[in-house]
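Q: Just so you know, the protein sequences line up as chains A and B, in that order. Numbers given in the numbering used here equal positions in the first sequence, counted from 1, plus 374. Numbers given in the numbering used here equal positions in the second sequence, counted from 1, plus 4.
Derived by calculation from the structure, the hints in this document are not laboratory data. Just so you know, even glycine gets a beta-carbon here, dropped at the ideal spot from N, CA and C. Where hints are given, some of them may not hold.
The following residues of chain A were derived to be distant from chain B, with all beta-carbon distances above 10 Å [as the list claims (entries may be wrong)]: (1) E465; (2) G491; (3) L592; (4) P649; (5) L692; (6) A706.
Within a straight-line C-alpha distance of at most 27 Å, the following computed DSS-like cross-link-like pairs (lysine-lysine) qualify [stated by the list, open to error]: (7) K65(B) / K651(A); (8) K112(B) / K651(A); (9) K644(A) / K112(B); (10) K145(B) / K65(B); (11) K581(A) / K838(A); (12) K53(B) / K112(B); (13) K838(A) / K580(A); (14) K112(B) / K145(B); (15) K69(B) / K153(B).
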Amino acid sequence: MSGHKMLFSGLKLWRPGRGRWMSRLHDGEAPNPNATSCCNPKVCIVGSGPAGFYTAQQLIKARPDVQVDIYERLPVPFGLVRFGVAPDHPEVKNVINTFTQTARQSRCSFYGNVDVGTDVSVEELRQAYHAVVLSYGAEGNRTMGVPGEDLAGVHAAKDFVGWYNGLPSCRQIRPDLSCETAVILGQGNVALDVARVLLSPLDFLKKTDITQPALEALAESQVRRVLIVGRRGPTQVACTIKEVREMVKLPNTRPEMMAADFEGVAEALKDLPRPRKRLTELMLKTALEVPGVEEQQRRDGASLSWGFRFFRSPVEILADPERSRTAGIRLAVTRLEGSGEGARAVLTGELEDVTCGLIISSIGYKSLPIHPSLPFDSRKAIVPNNMGRVQRAAGLYCSGWLKTGPTGVIATTMNNSFDTARSLVEDMESGTLDVSAAKPGSQSVGALLEKRGVKPVTFPEWEKIDGVETRRGEAVGKPREKLLTVEEMLQVARSYHC
Amino acid sequence: MAFVTALRRLAHGSLRGYPRRTATVTSFSWLTGQRGFTGGTQSLRSDNKVTVNFINRDGEKITVKGSPGDSLLDIVINEDLDFDGFGACEGTLACSTCHLIFTEEVYKSLGPVTDEEMDMLDLAYGLTDTSRLGCQICLTKSLEGIVAKVPESVADIRQSQDGSS
Numbered sequence: 375m376s377g378h379k380m381l382f383s384g385l386k387l388w389r390p391g392r393g394r395w396m397s398r399l400h401d402g403e404a405p406n407p408n409a410t411s412c413c414n415p416k417v418c419i420v421g422s423g424p425a426g427f428y429t430a431q432q433l434i435k436a437r438p439d440v441q442v443d444i445y446e447r448l449p450v451p452f453g454l455v456r457f458g459v460a461p462d463h464p465e466v467k468n469v470i471n472t473f474t475q476t477a478r479q480s481r482c483s484f485y486g487n488v489d490v491g492t493d494v495s496v497e498e499l500r501q502a503y504h505a506v507v508l509s510y511g512a513e514g515n516r517t518m519g520v521p522g523e524d525l526a527g528v529h530a531a532k533d534f535v536g537w538y539n540g541l542p543s544c545r546q547i548r549p550d551l552s553c554e555t556a557v558i559l560g561q562g563n564v565a566l567d568v569a570r571v572l573l574s575p576l577d578f579l580k581k582t583d584i585t586q587p588a589l590e591a592l593a594e595s596q597v598r599r600v601l602i603v604g605r606r607g608p609t610q611v612a613c614t615i616k617e618v619r620e621m622v623k624l625p626n627t628r629p630e631m632m633a634a635d636f637e638g639v640a641e642a643l644k645d646l647p648r649p650r651k652r653l654t655e656l657m658l659k660t661a662l663e664v665p666g667v668e669e670q671q672r673r674d675g676a677s678l679s680w681g682f683r684f685f686r687s688p689v690e691i692l693a694d695p696e697r698s699r700t701a702g703i704r705l706a707v708t709r710l711e712g713s714g715e716g717a718r719a720v721l722t723g724e725l726e727d728v729t730c731g732l733i734i735s736s737i738g739y740k741s742l743p744i745h746p747s748l749p750f751d752s753r754k755a756i757v758p759n760n761m762g763r764v765q766r767a768a769g770l771y772c773s774g775w776l777k778t779g780p781t782g783v784i785a786t787t788m789n790n791s792f793d794t795a796r797s798l799v800e801d802m803e804s805g806t807l808d809v810s811a812a813k814p815g816s817q818s819v820g821a822l823l824e825k826r827g828v829k830p831v832t833f834p835e836w837e838k839i840d841g842v843e844t845r846r847g848e849a850v851g852k853p854r855e856k857l858l859t860v861e862e863m864l865q866v867a868r869s870y871h872c
Numbered sequence: 005m006a007f008v009t010a011l012r013r014l015a016h017g018s019l020r021g022y023p024r025r026t027a028t029v030t031s032f033s034w035l036t037g038q039r040g041f042t043g044g045t046q047s048l049r050s051d052n053k054v055t056v057n058f059i060n061r062d063g064e065k066i067t068v069k070g071s072p073g074d075s076l077l078d079i080v081i082n083e084d085l086d087f088d089g090f091g092a093c094e095g096t097l098a099c100s101t102c103h104l105i106f107t108e109e110v111y112k113s114l115g116p117v118t119d120e121e122m123d124m125l126d127l128a129y130g131l132t133d134t135s136r137l138g139c140q141i142c143l144t145k146s147l148e149g150i151v152a153k154v155p156e157s158v159a160d161i162r163q164s165q166d167g168s169s
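Just chain A, same shape as in the assembly (with noise of 0.2 Å):
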């Protein structure tokens, strides 16, 4: 026990009066002198993504006593991390390192390969556990609404970031690149993503952890058009400077984009904050500013281009009369009524069609209900939570996009997962949370996954897919080489070899 003191002096603790974090000393015993917690608590998180690892990592930190599980349905770990976050963006990954640590820990364990609701329900890890955190995020997209959206050459772009991140899931999709011009609708930084994969030199991307089937296709790719279709004005677009830069910094690309877009814009840029006026002034630049004899020429000599397309709707997603499959895309022309952020765009009863071959909706992804019993807010398809407490429901609790909805990046993640931890911690240090009964965890969850002949995926056994992939990806350098099914990452965890 002395060696536990040692360890956790200097501990950082939620103290509800303060309302802050607090410097505290600390010598291993548990923080409330009223709480008689004569066992550990234990805590479950389901999903292993930045807001299930972010939500462990504050809870170990602020209770010397916790223990936490991670049930993940995937053998892998880390979530949209993984398969989300673009091949080309590895620094994005970096929280991965800090992520491993937290499941390094003694108090931590991972158990992979483990679909709760199926192998597992919600409500045998409520009687389990002291508290359950729900951190499964949103697997499901929002749909266009509108006829045609069924046919081949159709996707969403959670689909088809999915399929070149190598999501098991996603590996059907196989997208059919051999179209001129290609529509994606929505004009957030995944609508950047998906543009640019289509996009990039491939001498680029093969030194990427994009998956090899991805990079085969791509190399055969025929796309040489890509339009980033929005239904507002460019100042309301949802991407960022960082995204864009890297669209106009784009080798063998030119911009490609209409004046008439951006009418009033200049004139409305000196009352915007720095962000906005910042991102503005670089889309205005690109589309407008005559360039200069070098960039002119770098212009003319690249075979392939991409532009903002603003003030257009999707329609009605035409067919291919002879192939069943899209052949192009019918917009509704569209104004804006008001201004900034809350402008709404108005049809005009003007039409547009576009030729294209591939369309990628990226419209937002969705968040699914695990279980009918459970609160859900189908409307914003998140779950209905005070900071992170689940309503009606003690002893739940959500972080990440299932309690906020599906926007943010990493750190947005971080703090509202960081926010559910301090929740949780405050109800047991309250007592609004008993944690005075022990509760078995994992040894009788473990014991119900056994007898279903449910076998989770540890994180050691991650670490060797890990190595088996990173040793892949060194071979032809990549990053890694990524597993793309359940069945080898499950044969490479079980494996004796190393």
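Given the structure of chain A, go ahead and fit chain B onto it with the hints provided.
A: Okay, now just chain B, sitting in the frame of chain A:
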């Protein structure tokens, strides 16, 4: 473990767009008692050090020393300063969580800001005209005694917009 991880990443070469070496970011360095990897200037003499003051989110002043060439993020890591969520991307200009605020005077002395830094800074919560990203500020003797305030929260502006990589 933190040391080995840092070495392994260094061995794999620099990250895209970020030529400096990075030290391991860990909120668990306090737990393991290990220091972050300091591959930068090794100062064997104490007079080579530069004093930096951080004001944390509780308003407390924390005074530490770093070596010339260390970034402010390096110092936070090396000195095990426990700012929640600080330096998530480990100094690679892929987030805004090492956001620091300075006085007007100190800000001017820090030198020009690259477009790349500005692009990420634009997303920082509580952005001010004297804000910088700590991973891009390298210590020199002339920065002796500067004060850097850690702003309230680490939320990115992108929380209200489309998610992405």
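Q: Is K644(A) close enough to K112(B), meaning Cα to Cα at most 27 Å?
A: holds (24 Å)
Q: Does K65(B) sit within 27 Å of K145(B), going by the straight-line distance between their CA atoms?
A: This hinted pair holds, its Cα atoms lying about 20 Å apart.
Q: Please confirm whether E465(A) is truly not at the interface, meaning its C-beta sits more than 10 Å away from all C-beta atoms of chain B.
A: Check fails; 3 Å does not lie beyond 10 Å.
Q: K53(B) and K112(B) were given as a pair; does the straight-line alpha-carbon distance stay at or below 27 Å?
A: holds (22 Å)
Q: Just double-check P649(A) for me: nearest Cβ-Cβ distance to chain B has to come out over 10 Å.
A: Non-interface label on P649(A) violated, nearest chain B Cβ at 4 Å vs cutoff 10 Å.
Q: Are the Cα atoms of K112(B) and K145(B) separated by 27 Å or less?
A: holds (16 Å)
Q: With a cut-off of 27 Å on the C-alpha distance, tell me whether K65(B) and K651(A) pass.
A: Answer violated: K65(B) to K651(A) is near 35 Å, above 27 Å.
Q: Quick check for students: does the CB of L692(A) sit more than 10 Å from each CB in chain B?
A: holds (26 Å)
Q: Is the Cβ of L592(A) more than 10 Å away from each Cβ in chain B?
A: L592(A) is indeed farther than 10 Å from all Cβ atoms of chain B, at 17 Å.
Q: Is the Cβ of G491(A) farther than 10 Å from every Cβ of chain B?
A: Non-interface label stands for G491(A): nearest chain B Cβ at 23 Å, farther than 10 Å.
Q: Are all beta-carbon distances from A706(A) to chain B longer than 10 Å?
A: Holds: least Cβ distance 21 Å, greater than 10 Å.
Q: Hint check: K69(B) vs K153(B), CA-CA at most 27 Å. Holds or violated?
A: The given pair, whose Cα atoms are some 16 Å apart, holds under the 27 Å limit.
Hints 1, 4, 7 from the earlier list are contradicted by this structure; the remaining hints agree with it.
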